[in-house]
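K.L.:
Every letter in the sequence shown is one number past the one before it in the UniProt record's numbering, and letter 718, counting from 1, is 718.
Treat the hints as calculated values from the structure; they're not laboratory data.
Glycine included, each C-beta is placed from N, C-alpha and C at the ideal position.
It is possible that some hints are incorrect.
Derived Cβ-Cβ restraints for the label pairs, each shown as a range [unchecked claim]:
1) 632 <-> 167: 30 to 38 Å
2) 339 <-> 60: 54 to 62 Å
3) 605 <-> 673: 49 to 57 Å
4) 60 <-> 25: 28 to 36 Å
5) 812 <-> 371: 51 to 59 Å
6) 167 <-> 695: 31 to 39 Å
7) 800 <-> 632: 50 to 58 Å
8) 396 <-> 246: 24 to 32 Å
9) 605 <-> 534: 19 to 27 Å
10) 373 <-> 480: 58 to 66 Å
11) 480 <-> 215: 49 to 57 Å
12) 251 <-> 422: 47 to 55 Å
13) 677 <-> 803: 27 to 35 Å
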Amino acid sequence: MSASNLVIVESPSKAKTINKYLGPDYEVLASYGHVRDLPPKDGSVDPENGFAMLWELGDRAAKPVNDIRRAVKKAKALYLATDPDREGEAISWHVQELLKDEKLLEGKQVFRVTFNEITKKAVQEAFKNARDLDAPLVEAYLARRALDYLVGFNLSPVLWRKLPGSRSAGRVQSVALRLICERESEIEKFRADEYWTIEARLHNRDGAPFTARLTHLSGNKLDKLDIGSEAQATAAANRIRGKNLVVQNVEKKQVRRFPPAPFITSTLQQEASRKLGFGASQTMRLAQRLYEGTEINGDTVGLITYMRTDGTTLSEDAVTQCRDVIKSNYGPKYLPDAPRLYKSKAKNAQEAHEAIRPTDLSRTPDEVRMYVDDQMARLYELIWKRTMASQMENAVMDQVGADISDGTTDVVLRATGSTVAFDGFLTLYQEGQDDDETDEENRRLPVLDKGDATKLIDVAQDQHFTQPPPRYSEASLVKKMEELGIGRPSTYASILQVLQDRDYVRLDKKRFIPEDRGRLVTTFLSKFFTRYVDYDFTATLEEELDAIAAGQAHWKDALAQFWKDFSKAVGDTKNLTITEVIDNLDAELGPHFFPVVEHGKDPRICPACNEGRLSLKLGKFGAFIGCANYPDCRYTRPLVVPSADENAEGGEAGGESGLAAQLANAPKILGHDPVTGRAVSLRRGPYGPYVQIDPPEAPPAPAVEEKAPEVEDGTAKKGKGKAKKKKETAEKPKRQGVPKGLKLEDIDLAAALKLLELPREVGLHPETKEMIKAGIGRFGPFLVHQGSYTSIPKGDDVLTIGINRAVDLIAAKAERAANGGGRRGGWGKKKAKADGDDAAPKKTAAKKKAPDKKAAAKKPAAKKTAAKKPAAKKTATKKPAAKE
């Protein structure tokens, strides 16, 4: 008997959990995320036709959609139970529209249900309070999707045409990239200043040690940079040593520290980064699994509430649970008189959404750890502690400051510290800090009273240099984007991942460093699309999208206004020349790529000819640095910042990555073959680096082939074409790909010649007495024996592998095949068609036709049909067989 109600959710694990909460009248199916999307081609959004959008099924949507179609035909009602956010509303809308277009919803009721946590109570309550789809929320999704498409599909081609080597641009990702690049420019422009601090180590009246810092000298308050040399520091320290220091004044005050608010998406990502070392994407994956739930004592339950939210509120039930646990586990003094209420500091926060919290606060981290993996357990503990702490009493700190001098203002020292009078929420949770933040509140001071004499133990003078602003970590970048109102909770993780996937930035020691490719893109967009990478404009656009979601603005009006200005900006770049682009990039990025490393020496002077000016150039594979005296001077270097040594050596970029970048612009000549005298070079192609030996110079072609004979039937012209093709084939240079694991900098002439000898003969197989060869194909190094191919493992070298090892590998493959490893063996046979030397595929094909002796014997027929094109194609595979 089929269920009368069909429920649609996103994921199979969510479907499994909800299915247990509903009765037998409900069938729960998963859509596996979005079922439709805009196809990645021009015309998917049509601004000239009211922003009509063309949707198509996703690559993996066919099966789940077919299952939904079959089930909805039998059902009386459809419940759309996807996530309670914009994307969840959009998935439900797509499912409804798809079924409506196919007339599968006629006579059926359609409901939308949302729940913030996957618990039996929450799910059943949601089904009692079903509603219609939220039209403004769907329109906000449509507007956002159209905006992202229009920006990506109109801005990216401009980048490809005007800035070769660029990948793509995005509405929000380009602004995030600008943040990273501008921070790097600040760091590069930063000039460190020297300064010194003076600290005295003293004992109080009871002999307890403490330290005090010099704050006043000669009656003047010291600023950070006022002591700028060792001589000044030594003079100041000596003046302290000659004083009888007494506590002149003591200030005591009590301050309260408030607990942080419960987690929202951005703060969860920040704290997981600081405390657990998790990336934003990793945090969201783990949170998704906690939200969808796990089996505990035979019952599948969701462990946390929905993890994409910017609201800091907690439900009444959650607050009550928190207060009960605090009172029973920590005592009444840790429980505030009234529940705490929080308001989000983020721009455009949707306060209606609840914060991220455990679904059941009585379920402790120790209990949950028994049912989930270690990473999930650590994230759950972080969420549990943050939620509990948010409802605990304030911490109370006693702060003390004491001024110490000889009674004059000649030298005055200041000792500061604090003690915890009441730990409050700190007994459970303390908010993490970024690496660039410091916490001086934990310094403790012994008892100090006014008039107490002190004993000087030592004076320390420490040299410091001002520090540049720190590079962004994932946590600090998310925090900055949130402050500016750029992006939304559901987008932060994907934005950071896209920037890395497109090689615009890299993470080094958990800090974002822009790649030169990324800096070029940012500079280009900032110059020619200034408005669209502006922080305020992007934030204002986000506010407009939020207004659409709230039903306060019409989505097509917003799109029309945006498109009017944006399409004009794109159109204005049509007449933009590459020279203009280069001149602007060169002017903006000159200080980065041509830093002054030696005073008095112009970093722009070409180190090869000592005359030409170095500047940015654009080639087929992207930007590089070249000499203005080209072609007389052919000096180039990859687009990297050189060291002083690299400048002196004439631009040989150190390291494999530098050489790889250099190869994108010009091959590296390794030398000449000692036998033929032909040039051997290292190059980079679309499939990676390779070595090449130039072909021999062809003799001058006969005069008769330079001009087509004047005949009417075209036969002679056809013959000329064949002769020309043969000439091109004969002149094709021999190439060989560089195997993975071999460093480009280690490839010299000898190594290149060895690679060019591939495939090489390893030796005769001891049983078959047939030759084993080793070579490199599309899928990596291989051995070939009797037409069968075997992969060479990573640890073996194709250039040196011996006969014994080769026989072992071939035998191991045969054993796997005999024991049911057919899949691996089959893969090897398929590879035979793509790997190895040119003869290998033909030989294999010939063997397959060998049993057909009658066909092989028909040589005259093959010759007869050779002149006819169709016949020639059919008989082409027979020639190797006849030759064998």
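K.L.:
Next, verify each hint and record whether it holds.
P.N.:
Evaluated hints:
1. 632 <-> 167: 30 to 38 Å: Holds: the Cβ-Cβ distance is about 34 Å, inside 30 to 38 Å.
2. 339 <-> 60: 54 to 62 Å: violated, 45 Å
3. 605 <-> 673: 49 to 57 Å: This hint is violated: roughly 37 Å between Cβ atoms.
4. 60 <-> 25: 28 to 36 Å: Taking Cβ atoms as reference, residue 60 and residue 25 lie about 29 Å apart, which means the hint holds.
5. 812 <-> 371: 51 to 59 Å: Check failed, 41 Å falls outside 51 to 59 Å.
6. 167 <-> 695: 31 to 39 Å: holds, 35 Å
7. 800 <-> 632: 50 to 58 Å: Roughly 44 Å apart at Cβ, these two residues miss the hinted range, so it is violated.
8. 396 <-> 246: 24 to 32 Å: Because 30 Å falls inside the window, the suggested range holds.
9. 605 <-> 534: 19 to 27 Å: For residue 605 and residue 534 the Cβ distance comes to about 37 Å; the hint is violated.
10. 373 <-> 480: 58 to 66 Å: violated, 32 Å
11. 480 <-> 215: 49 to 57 Å: Violated - the Cβ-Cβ distance for residue 480 and residue 215, about 33 Å, lies outside 49 to 57 Å.
12. 251 <-> 422: 47 to 55 Å: violated, 20 Å
13. 677 <-> 803: 27 to 35 Å: At 33 Å between Cβs, range holds.
When held up to the earlier numbered hints, the structure conflicts with 2, 3, 5, 7, 9, 10, 11 and 12 and fits the remainder.
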